[in-house]
Amino acid sequence: MSFTRRKKMLGAVAGTAIFALTLAACSSDDGDTTDEATGGATAEATDEAEGSGDPVSLTLATFNTPGFSNSENDADYQYDLIEEYMELNPNVTITYDRKAESGDARENFFTKLGPGGLADVEMVEVDWMPEVMQYSDLLADLSDPEVEGRWVDYVEAGATDADGRLIGYGTDTGPQGVCYRADLFEAAGLPSSPDEVATLLDGDWDNFFAVGDDYVDGSGGSAFFDSASGIWQGMTNQLDVAYEDPESGELIVLDNEAVKANYDQLMAASETQSSHFGQWTEDWFAGLSNGAYATMLCPPWMLGVIEGNATDTTDWNLANVYPNGGGNWGGSWLTVPANGENVEAATAFANWLTAPEQQAKAFANAGTYPSQVAAYDDPAVTGAVNAYFNDAPIGEIFAERAQAVVPSPYKGEYYFQVNDAINNALTRVEDGTDDPAASWDKAVADIESIG
Amino acid sequence: MATTELETSRADSVWRQRLSRWDVKASPYLYIAPFFIVFALFGLFPIIYTAVISLMDWDTIRNSGEYIGFGNFEYVLNDRKFWVSLRNTFSIFILSSIPQIVIATFVAAMLDHHLKARTFWRMGVLVPYVMMPVAVALIFSQLYADSYGLVNHWLGMIGIDPIQWHKDVIPSHVAIASMVNFRWIGYNTLILLAAMQAIPRELYEAAALDGAGKSRRFFSVTLPQIRPTAIFVIITSTIGGLQIFDEPRMFDSAGNGGADQQWLTITMYMYNTGWGELNFGRASAIAWLLFLIILVFGLLNFWLTRKFISSDKGGE
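Read top to bottom, the protein sequences are chains U and G. Just so it is clear: in the first sequence, position 393 is 423 by my numbering, and no numbers are missing. Just so it is clear: in the second sequence, position 157 is 556 by my numbering, and no numbers are missing.
No wet-lab data here; the hints were simulated from the structure. Just so you know, not all the hints are guaranteed correct.
Below, in silico cross-link-like pairs of lysine-lysine (DSS-like), each with a Cα-Cα straight-line distance of 25 Å or less [unchecked claim]:
hint	chain 1	residue 1	chain 2	residue 2
1	U	LYS290	G	LYS480
2	U	LYS290	U	LYS472
3	G	LYS480	U	LYS472
Computed from the model, here is a short list of chain G residues facing chain U with C-beta under 8 Å [unchecked claim]:
hint	residue
4	ALA544
5	LYS566
6	ASP651
7	SER652
The structure displayed is predicted, hence computed values, not measured ones. We put the CB at the ideal spot given by N, CA and C, even for glycine.
Starting from the given sequences, assemble the full structure and let the hints guide the process.
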């Protein structure tokens, strides 16, 4: 009982933060318009395979607002994908179960994964995908020549296990650009139009932090970015090997010089350049509108968070750039538990739902950015502009950002424990609890005790 | 013939007698059996199951494990986080329970007087208890924000430097304890008030005639008379206090007890080990350690309460 209460409270407390994460988690794949014909054909083919006469009931479990159906929070969507599928396949009845947030869904997923009782189609968020991959043998192999190449590489790679089985169909994804405050850039004597900022930040992290130094000097000591943790996820996800050895799964983080080098570089910069506000804290939300920091790494779902918490600010902009290449933050997959009763029908449904044209509709419904390559040519997606971000062509920008993302490093059993330990180390320094060296030592002690 | 009939009826009555004796003896047990059956299913079984799992390297998803003896206990007892969480739990417990019970007793004593609109005041103290925890958490998280929070704003107006509620250990405990107190003072007040109302008024009159003042009457009549209820309140708030979870969990959005484990409590540590790391063997070991701690501490409190609020003063 106290746990449910906690969850509800957490949901409310985290408020927009959770909402944002949810968006990220729930984003669904968009399809190309060119793919629509194929999508229709798929649905028909599915029908035939099902024998269209045998009634099948399927359950779909998601979280947050993936943009699938109007039953999500009584949403008033343009499209209802669930209804649409049932019309295309009269023999299929779908029960839709949506959890309020990703944490609830994760708990439910791992409670029922072994004994059974999961929905026929279960949505999984990128944050707990590495843990799910530990049990990939309990999920159906969804490999299908028809879907090969449907998603951008890192989305497909993220759901492919060591044996080459594809266990999830990507829905949405979170390619990042850089959000910045044009007024603050201008006041600090930096160029401020989106194109100029994209040119200015084009380069590696050294360049990013060098611009940060210029900003701090020009602004008289204001912070350049929001928090060290936010930057850390960006830097770490670009490493080839981060915390664990991809072959053996062993912890190598303490011998990995790249990780420590990132830590040192970030800590050196964050002393003056970070606002030291942890993400999703009250102060951080306040900073969105009061100019406590000038930039933030920005996946599509973050736009809604910024707009929702800084309604009166008119100076947020989105630059089509990302330090050192590309980076992804957030996203989800649809999986099919192998012990379900209707694995075949469930796979067909997940296939249809993650086809580019369906995900383009989900994007129109809930702003969940598609992970399907074909969607990035779809005018319904590429034509999207965001009025709050001074009419930034977000459809085009994020399509380019998605194509720049490299697959993230291997994330195994201990990924989150290590990542938590290092994030805590960063936060301790930002809070002033420890200096960078002492804080790293504590993280080392935490990491050494893992296992 | 007659003898056999007699014998039959005698045998009958012996049987009936036995049955009724058995009825008298066994029935009470039968009547309380449902509770114990339910308890065995939902209370005892999980306790034993937890004990078994705590000795294993348990994979809850594959429902299998490997016996590793006391390895989990050894790990937990050697983990810095366990001891830090123990410290935090006791610190928050002391900062919440003691003021809570003292204030609740005081407020109850006030409400025990002949006030105008008595029911209004009595219901009033219960309002925080019926408030949505979500709302409470939202309000307090805004109040205690480090840089732009209201509390620090007010402190600034009287020239006090901002307090780092989410960074320093004791301030974070004070903030969490204030949430707990806000919620539970009213509840405890009403329970103690009910006990005070049951005290015979003659005792007060007699004490007043003997020349006892207000405070003397409170300490020598009221307190000893509410002793059983006070023990109940103290024991339940001990159990609740040592299991504190919601408030520290909601104190920031991550719910991990702070970067330096400033406000990590034992239940949060257990939850994060179980659900965060999916290590249920180790989480079970923590659960058992917490169980033992609460047992010891509950007994200690029981003994202390009996000792300090003794009834001999009231036993005229």
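Going down the list of hints, with the structure as the test:
no. : hint                  : verdict
1   : U/LYS290 <-> G/LYS480 : 24 Å, holds
2   : U/LYS290 <-> U/LYS472 : 14 Å, holds
3   : G/LYS480 <-> U/LYS472 : 11 Å, holds
4   : ALA544                : 3 Å, holds
5   : LYS566                : 4 Å, holds
6   : ASP651                : 6 Å, holds
7   : SER652                : 4 Å, holds
In the structure shown, no violation is registered for any of the earlier numbered hints.
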